[in-house]
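**Q** Chain residues, written in single-letter form:
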Amino acid sequence: MIAIVDYQAGNLASVKKAFDHLGYESAITADPAAIARADKIVLPGVGNFEATTALSGTLREAVVKAIDGQVPLLGICLGMQWMFESSREAPQLRGLSLFAGECEKFPAAVKSPHVGWNQLWVTGASRLLRALPQDSFVYFTHSYRAPVVEATVGKCEYGGPFSAVVERGQLFGVQFHPEKSGTTGLQLLRNFCEL
Amino acid sequence: MLTKRIIACLDVDAGRVVKGVQFSDLRDAGDPAELALAHGRAGADEVVLLDISATYENRSTLLDVVRRTARQLFIPFTVGGGIRSLDDAAAVFDAGADKVTVNSAALADPALIGRIAHRYGSQAVIVAIDALRVGNGNEMHFGVKTTGGRHPTGRDVVEWAREAEQCGAGEILLTSIDRDGMRDGFDCELTRAVVGAVNVPVIASGGAGAAEHFVDVFRDGRADAALAASIFHLGITPIGDLKQELQNAGIPMRWPC
Chain A
0 MIAIVDYQAG
10 NLASVKKAFD
20 HLGYESAITA
30 DPAAIARADK
40 IVLPGVGNFE
50 ATTALSGTLR
60 EAVVKAIDGQ
70 VPLLGICLGM
80 QWMFESSREA
90 PQLRGLSLFA
100 GECEKFPAAV
110 KSPHVGWNQL
120 WVTGASRLLR
130 ALPQDSFVYF
140 THSYRAPVVE
150 ATVGKCEYGG
160 PFSAVVERGQ
170 LFGVQFHPEK
180 SGTTGLQLLR
190 NFCEL
Chain B
0 MLTKRIIACL
10 DVDAGRVVKG
20 VQFSDLRDAG
30 DPAELALAHG
40 RAGADEVVLL
50 DISATYENRS
60 TLLDVVRRTA
70 RQLFIPFTVG
80 GGIRSLDDAA
90 AVFDAGADKV
100 TVNSAALADP
110 ALIGRIAHRY
120 GSQAVIVAID
130 ALRVGNGNEM
140 HFGVKTTGGR
150 HPTGRDVVEW
160 AREAEQCGAG
170 EILLTSIDRD
180 GMRDGFDCEL
190 TRAVVGAVNV
200 PVIASGGAGA
210 AEHFVDVFRD
220 GRADAALAAS
230 IFHLGITPIG
240 DLKQELQNAG
250 IPMRWPC
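Respectively, the protein sequence lines represent chains A and B.
Take 0 as the starting number for the first sequence in numbering that gives the first Met the number 0 and just add one per residue.
Take 0 as the starting number for the second sequence in numbering that gives the first Met the number 0 and just add one per residue.
For the record, the hints were derived by calculation from the structure and aren't laboratory data.
No residue lacks a Cβ here, since even glycine has one placed at the ideal position from N, Cα and C.
Don't take every hint at face value.
Cβ-to-Cβ under 8 Å is the rule here; a few derived chain B residues that face chain A [stated by the list, open to error]: (1) Ile74; (2) Gly95; (3) Asp108; (4) Gln122; (5) Glu164; (6) Gln165; (7) Gly249; (8) Arg253.
With the rest of the complex left out, here is chain A (with noise of 0.2 Å):
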């Protein structure tokens, strides 16, 4: 069972549908015993780092747990931002520093928040791309960007490139949208959901 942990970040229910088109097992949980079971797990959302304070306490420390015990981990957009250090959107918050870095708002010389169809650049080797081409588009929607590391295996180009995946060992992070971009979304998730 896929467990989409739930922080009142919204989107979840369109995460949640892409998993039931590909006939995986998921559930949307706040509970932490659920999150000890599950066999993956995703952290969604959209909206302001702010909304990740939800994620502290049992909750946060039910995520830290099962990915120490190599429970692989998605998190997509908001989700992935929040694996990293911090964010300069609310630099009071921790987040999991599971990569290395702080995201930051967009250059003001592009519009933000970036929304629309852009172009994913593999830059390195990663089990949650695989079989997708070169340039693929995928649909990004989001004011702050995560900077390029050591683990960023896509980039995208915006302003300067960001980190659009990525990948160390059980853990995955998309700064676009999977469940909203269409066929080559789903091959994604699809790749997670068989790993």
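We have chain A; now place chain B onto it with these hints.
**A** Then chain B, alone, in the frame of chain A:
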């Protein structure tokens, strides 16, 4: 490269897709869920469902239509019409929408934009502006209309777009009432005026009739996205052919799709 977006719009009345000319003369064009899926398969970058009579008739948005439409659609899905409060927006998000558009209610209470943005993020709030040319020559300006284009508000489109952005709008959906349903081209002057005034994406709407109209609104109007309804539903311009033509004209498109 970030592409320009082609958005298929479903104007829904009493659970059926309809299309009018200048907001009246409505004709039946099919089932919203089926059409949304067909547009997605055909290459639409997004689908918008507008419950066009919701505000006028004071009905709530047809949530079951939203739910049915959202079930199979794995591209961005926006819903508007009759969203008057955070609770109305929440119900639409719960039914499967990724974004909402607000129009009349935001004009009456601009803080509504911020309330929705605070909970769901700015990227989930599109402020829809219905624009009408008012006056002639040097006196001409773009005025805001509301409630399905039935009442003038006395507001200026460019000023209202700026205020909406400040209130937390993530995108502006800009419809030219002068061009709506006419199929003689988007209002590029209107689009350019708003694009130049805000730093959020602007979706141009009203007047799509042929591929060159899209080229014009992306090139001259500087739109980030263009929305059309009847030319897609009625099969006048298949989306794939349109995107191929735009691609050939040097406009970045999601392709293949």
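**Q** Against each hint, give a clear statement of whether it holds in the structure.
**A** Results of checking the hints against the structure:
no.	hint	in the structure
1	Ile74	holds (6 Å)
2	Gly95	holds (6 Å)
3	Asp108	violated (21 Å)
4	Gln122	holds (4 Å)
5	Glu164	violated (11 Å)
6	Gln165	violated (14 Å)
7	Gly249	violated (17 Å)
8	Arg253	holds (4 Å)
The structure is inconsistent with the numbered hints 3, 5, 6 and 7, although it conforms to all the rest.
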